[in-house]
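Undergrad: Listed below are the residues making up each chain.
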Amino acid sequence: MNLGGRAWGSRLIMGTGGFRSLEELERALVASGAEMVTVALRRIDANGNGPSPLQVIDRLGLFVLPNTAGCYTAREAVRTAQLAREAFATDWIKLEVIGDDRTLHPDSVELLVAAEKLVADGFTVLPYTSDDPVLARRLEAVGCAAVMPLGSPIGAGRGIDNPHHIRLIVEQAQVPVVLDAGIGTASDAAMAMELGCDAVLIASAISRSDDPATMAQAMKLAVEAGRYAHQAGRIPVRLHAQASTPPAGRPDLDVPRTVSDTV
Amino acid sequence: MTVSVNGERRELPDGATVAEVVTTLTGEERGVAVALNGEVVPRSAWPTTALAEGQSLEVLKAVQGG
Numbered sequence: 164m165n166l167g168g169r170a171w172g173s174r175l176i177m178g179t180g181g182f183r184s185l186e187e188l189e190r191a192l193v194a195s196g197a198e199m200v201t202v203a204l205r206r207i208d209a210n211g212n213g214p215s216p217l218q219v220i221d222r223l224g225l226f227v228l229p230n231t232a233g234c235y236t237a238r239e240a241v242r243t244a245q246l247a248r249e250a251f252a253t254d255w256i257k258l259e260v261i262g263d264d265r266t267l268h269p270d271s272v273e274l275l276v277a278a279e280k281l282v283a284d285g286f287t288v289l290p291y292t293s294d295d296p297v298l299a300r301r302l303e304a305v306g307c308a309a310v311m312p313l314g315s316p317i318g319a320g321r322g323i324d325n326p327h328h329i330r331l332i333v334e335q336a337q338v339p340v341v342l343d344a345g346i347g348t349a350s351d352a353a354m355a356m357e358l359g360c361d362a363v364l365i366a367s368a369i370s371r372s373d374d375p376a377t378m379a380q381a382m383k384l385a386v387e388a389g390r391y392a393h394q395a396g397r398i399p400v401r402l403h404a405q406a407s408t409p410p411a412g413r414p415d416l417d418v419p420r421t422v423s424d425t426v
Numbered sequence: 125m126t127v128s129v130n131g132e133r134r135e136l137p138d139g140a141t142v143a144e145v146v147t148t149l150t151g152e153e154r155g156v157a158v159a160l161n162g163e164v165v166p167r168s169a170w171p172t173t174a175l176a177e178g179q180s181l182e183v184l185k186a187v188q189g190g
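As you go down the protein sequences, you meet chains A and B in turn. Quick note on my numbering: the first sequence kicks off at 164 and runs consecutively. Quick note on my numbering: the second sequence kicks off at 125 and runs consecutively.
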């Protein structure tokens, strides 16, 4: 997969939120096979916030994708992206501008404004967006390197609420489509890939599962399976059966038994 | 002088720099970023950026999330 001018071997991008420990995070990252990992920026508290996920990510040699999680305005998100560029020496940013506390749905207007500013400032912008096909087109038009529609709200685990919209986004996109948010289990990730998404970004479904490393392995395989299925081209959905065995050559075995048989 | 550091009022000696405040909070540099009154202070400018009365300093680091 080519994303942002780089070739990627894995189509699974990992979030880091929700892991109960850095050890669990590390085991899950290894099992996932992910190459790109997203992290947030927050105030350092008086005791230094303890060990940083960055140490784990750097030790594994993974690519850091900073995000603007928790930003509510374009202005805030642009400044957070600029701080992230300074902190991680990268122009890549997962752009997140939240518009509603209960659903964590993106604020589409602020998102587009921020995306345009950041692209102009030289950033490689990966916007977390609603599943609105028109907005996806607008984000692509202002120069985003990918579009990342939600399947369902962050942490909801419902999978893909509106697969038709994801298909519409995939159908028109000239940049990679990354299904971001809402994945609950492996079949959801496979479905995203079957719909034609180029990659999937997963945090909660792995980090909040009972066994994150095993779930990360499941997601890795699901993403691969879904991708293969998409490439292979699925059969049409039918109301009635379509026989898989030809009727020709069928023997006639429903005949009366002979006298000798009944003795 | 009084400066706000991550939302808390701190008494600092006159002439204190961004670099000096960052050192009191963390030994790390990678993954750390600083904004002074909302504007990014590049790492190279931390030692030479002196703080002034009433300014607001945000010192951020990488955390799990997103």
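Wrong hints could be hidden among the right ones.
[Claimed, not checked] Cβ pair distances, simulated, as ranges: (1) A:Arg238 to B:Arg154: 25 to 31 angstroms; (2) A:Arg206 to B:Ala176: 19 to 25 angstroms; (3) A:Gln218 to B:Asp138: 47 to 53 angstroms; (4) A:Gln337 to B:Ala169: 36 to 42 angstroms.
Hints listed in this document are in silico derivations from the structure and should not be mistaken for laboratory results. The beta-carbon is built from N, C-alpha and C at its ideal position, and this holds for glycine as well.
Undergrad: The structure should be examined with respect to each hint, and the outcome stated for every one.
TA: So, going through the hints one by one against the coordinates:
1. A:Arg238 to B:Arg154: 25 to 31 angstroms: 26 angstroms, holds
2. A:Arg206 to B:Ala176: 19 to 25 angstroms: 21 angstroms, holds
3. A:Gln218 to B:Asp138: 47 to 53 angstroms: Violated: the Cβ-Cβ distance is about 36 angstroms, outside 47 to 53 angstroms.
4. A:Gln337 to B:Ala169: 36 to 42 angstroms: Since glutamine 337 of chain A and alanine 169 of chain B have Cβ atoms about 39 angstroms apart, the given range 36 to 42 angstroms holds.
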